[in-house]
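**Student:** The whole structure should be built from the sequences, with the hints applied where relevant.
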Amino acid sequence: MRVQHYRIAGEPVIVRSVETSEDVRAFLDWCRSNHNRPIAFDTETTGLDIYAAGFRVRLVQFGTEREAWVLPVDSAAGLVCAPQAAVREALESLPYLLAHNAKFDALAVAAHLGVDLVSLWRRITDTRILAHLLDPRGPQDPGGIGQGLKPLSARHVDPDAPDTQAGLYAEFRKLGHTKETGWAAIDLDNPLYTLYAGLDVILTARLFAVLGPLVEFAGYGRLSEFEHAVALVCARIEARGFLLDVEYTETLAARLLAEADEWSAVARRFGVSSVNAPAQISAALEGMGENLSETTESGAIKVDKEVLLPLADLDRKWQRIGAREANPLADAVLRAKRASKWATSYADAMLSRRDTRDRIHPDIASLQARTARMSISRPPLQQLPSGDWVIRRAMQAEPGCVVGTVDYQAVELRVLAALSGDVQMTAAIHAGKDLHAFTAELIYGPGFTEYHRKVCKGIGFGKVYGGGPDTLSRQTGAPLDQVKAAIRAYDRAYAGVRRYSKRLQSRAEWGVKEVVTPAGRRLPLDRKRLYAATNYMVQSTARDVLAEALLRLDERGLTEFLRLPVHDEVVFVAPADDAKEIGREIQTAMAVDDFFGVPLTTDLEIGGRTWGSLYGAAA
DNA sequence: ACTTTCACG
DNA sequence: ACGTACGTGAAAGTG
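Numbered by the working numbering, the letters in the first sequence go through residues 181 to 799 in order.
Fair warning: there could be bad hints in the mix.
[Stated by the list, open to error] The calculated lysine-lysine pairs, modelled on PhoX-like cross-linking and capped at a C-alpha distance of 20 Å, are:
#1 497 / 521
#2 482 / 521
#3 634 / 664
Don't read these hints as lab results, they were simulated from the structure.
**Tutor:** Here's what the structure looks like:
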């Protein structure tokens, strides 16, 4: 057994690395004698892509505030002692486990060491969840530090705790590896590797010693349980994965890449060597006599889609307007950028993330944004183009099955009506009215047009988000004076909403700079952006509506059909013959009859074999 | 590392 | 004193 010593917060800690079968027995003895204490665990792996061919768990660590055990389990290492069975035994029997960002480690040991995910998860407390409840701000937000183990340890455990990740990257480079290759290549007994692996669990145990009582003291006990349950459902969705149509996606990627090349060649003829270089584009456009007035935050000339589309005589749906001669460079830049983004961010990302059964396991972060919203990454399946089916067509149901969705109808506006108690808005919802059309009628009278409805939809969202007349005018494309009039009319029609927003803001102005959601979540506000209060409240509450729905779906045994949560909807896959029935069950489980006086109703859509079929692709 | 852009709800 | 659209993930260029 190798023993390494270190100091954390001025106290000596010890890291033991298992080398012999005798060490394995000593580890199991240690587990037994610490059975009743919370034990932090962690894994070191070959990479982040748990389901990729060649992925391996290399180390599994267990530890308390003072002591860590590091066990090598890498199947490719030809180990003298094989502690896999002991690791499994520990993971299956220790009653009280801790982990930071537990989902990753739990999925890794479930997929590669044969540990049962559900029974393991029931015994885990995730310190990242605790940290998010206590402060959901990201590292970029004013006053925020994020939920990383490093910044949390620095704040709550030891300001001089080592940055183990950065330290390892430096070691990788020294050994001739890179950030990416180092994780798989570093020797299992590299002293820095084992030391840092051990320190991570010691830090997690110490972090819990601080955050655990804070969570209880803040009254977050139930919310914490709720979040752990939601995280498990999301982890199971992730583990199941979503089937990729590889042949289609490969053809699509090649086609998009060729398209990007063609349009890049056109841009090159106008002196733009890269369509991703804004300075080149603005210089070339100005050389062609175009007048560019919009600037970015840092003062550079803006050449985003909003600027380029009018120059190319295209509307927001890329239809020819006929107002001017299309600028061929603007047109080429737009098309090249779209094609290459779709190729790299979506098609290639999907292909590179598939497992041996052609399934995609995106990283579902069930508790991510400041508002607790979920995020999905690698690949970003919540952000696929919705105006065109070609990308979504890549994801498909298993043979004999179809893809469907259930989404909430105008959930953010309904949540706003519920929270504000606005009488008029609540009544309109109860009457089953189209809220945006109803608003249009209130403002423009019974003769309102489809255009008026659109303006009102924009204003409705803009109000929720706290936008002013200028932004709303730009966003909706409606003239400023009309928007201003509509805002006035909106405030008159929905006086309760206006009162509610004002109340949230003035409370924050004079009292604590936060909003408290009905779920009991305390969301800090940036002092310069108190107007975001209503948005945080509504967005966060809508998120919790979906999160609670996921738990109801799980209770009813419907998790196996789920493929993705997408903010206000779930994507599911079911056998074609049962899809309607299963879809209805999902609808029923998600619907809320009385959410603070407002019904939250759902829409069901059943498509064909692919996700794209719900966006216009042939079934 | 930072900026810019673009995809979604 | 004033008015501010919110929340994400990802790629690529620049320095």
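**Student:** Decide, hint by hint, whether the structure agrees.
**Tutor:** Hints versus structure:
no. : hint      : in the structure
1   : 497 / 521 : 17 Å, holds
2   : 482 / 521 : 19 Å, holds
3   : 634 / 664 : 15 Å, holds
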